[in-house]
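Novice: Each chain is listed here by its residues.
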Amino acid sequence: MQVLYFAWVRERIGLPKETLESSASTVMELVEELRAREERYAVAFSDLSALRVALDQDLSDFDASLEGVREVAFFPPMTGG
Amino acid sequence: MRILVQSDPFDVAAETEGFAQGHENVGALVSFTGIVRNNDAGTLKSMQIEHYPGMTEKALAKIATEAQSRWDLQDVLVIHRHGDLVPGEKIMMVATAARHRKAAFEAADYLMDYLKSRAPFWKREITSDGAEWVAAKEDDEEALNRW
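One line per chain: the protein sequences are A and B, in this order. Per our numbering, the very first residue in the first sequence carries number 1; after that it's consecutive. Per our numbering, the very first residue in the second sequence carries number 82; after that it's consecutive.
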């Protein structure tokens, strides 16, 4: 699946997107996999209350299933307008 | 419905005029324009706006569709820019056209509340002290409870 990062999440992880092979069945399991990879991921995902997640370009939550999902995006709360 | 996400500037007068055309049963048109405001110290050099191409358009269309289902609207316009903007530049605009003013005002207010915290844009302020991501305000999240 494609994993995208925006704003300070992108800066902390150091890349805008990557393609991952993951066996995670929920967003939370994917977060745990990422946290375990490297320190920069652990730092970016240290406080989930400061993060939002979108699945296939729709806002979702960390308990959501990843079944059939092609694109996951992590970002801070949005500041449009 | 007209949804535009672009880095180029837009012409509020031309957009508003064009938006009002061709609707014989429109009795009210409300428009709101958001402008890059300098900070109190006057040190803002630019405002960088990042977005999520694809999801942005989808989220804006969803917000506009929801407004159309809640109010009796003839049309909705949303324009939002991304990229580097300087103080005084227009960031975004919304316009609503309805038979009566109440629906037009309320729907425009609703669109703005949702654009603030449900459309994937992130602002970063570049000042003489450096660069900083703008934090989302709790008030903006709470504003959604009004609807």
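Check the hints yourself; a few may be wrong.
[To be verified] Lysine to aspartate or glutamate pairs mimicking EDC-like chemistry, simulated, CA-CA at most 20 Å apart:
{"no.": "1", "chain 1": "B", "residue 1": "K139", "chain 2": "A", "residue 2": "D47"}
{"no.": "2", "chain 1": "A", "residue 1": "K17", "chain 2": "A", "residue 2": "D58"}
{"no.": "3", "chain 1": "B", "residue 1": "K171", "chain 2": "B", "residue 2": "D153"}
{"no.": "4", "chain 1": "B", "residue 1": "K139", "chain 2": "A", "residue 2": "D56"}
{"no.": "5", "chain 1": "B", "residue 1": "K218", "chain 2": "A", "residue 2": "E29"}
{"no.": "6", "chain 1": "B", "residue 1": "K143", "chain 2": "A", "residue 2": "D47"}
{"no.": "7", "chain 1": "B", "residue 1": "K126", "chain 2": "B", "residue 2": "D156"}
{"no.": "8", "chain 1": "A", "residue 1": "K17", "chain 2": "B", "residue 2": "D190"}
{"no.": "9", "chain 1": "B", "residue 1": "K139", "chain 2": "A", "residue 2": "E71"}
Because the hints were derived from the structure by calculation, they are not lab data. Quick caveat, the model's predicted, so the values are computed rather than measured.
Novice: None of the hints should be skipped; say for each whether it holds.
Specialist: Here is what the structure says about each hint:
no., hint, result
1, B:K139 to A:D47, "violated (27 Å)"
2, A:K17 to A:D58, "holds (17 Å)"
3, B:K171 to B:D153, "violated (28 Å)"
4, B:K139 to A:D56, "holds (11 Å)"
5, B:K218 to A:E29, "violated (29 Å)"
6, B:K143 to A:D47, "violated (28 Å)"
7, B:K126 to B:D156, "violated (36 Å)"
8, A:K17 to B:D190, "violated (34 Å)"
9, B:K139 to A:E71, "holds (14 Å)"
Of the numbered hints given earlier, the model fails hints 1, 3, 5, 6, 7, 8; all others are met.
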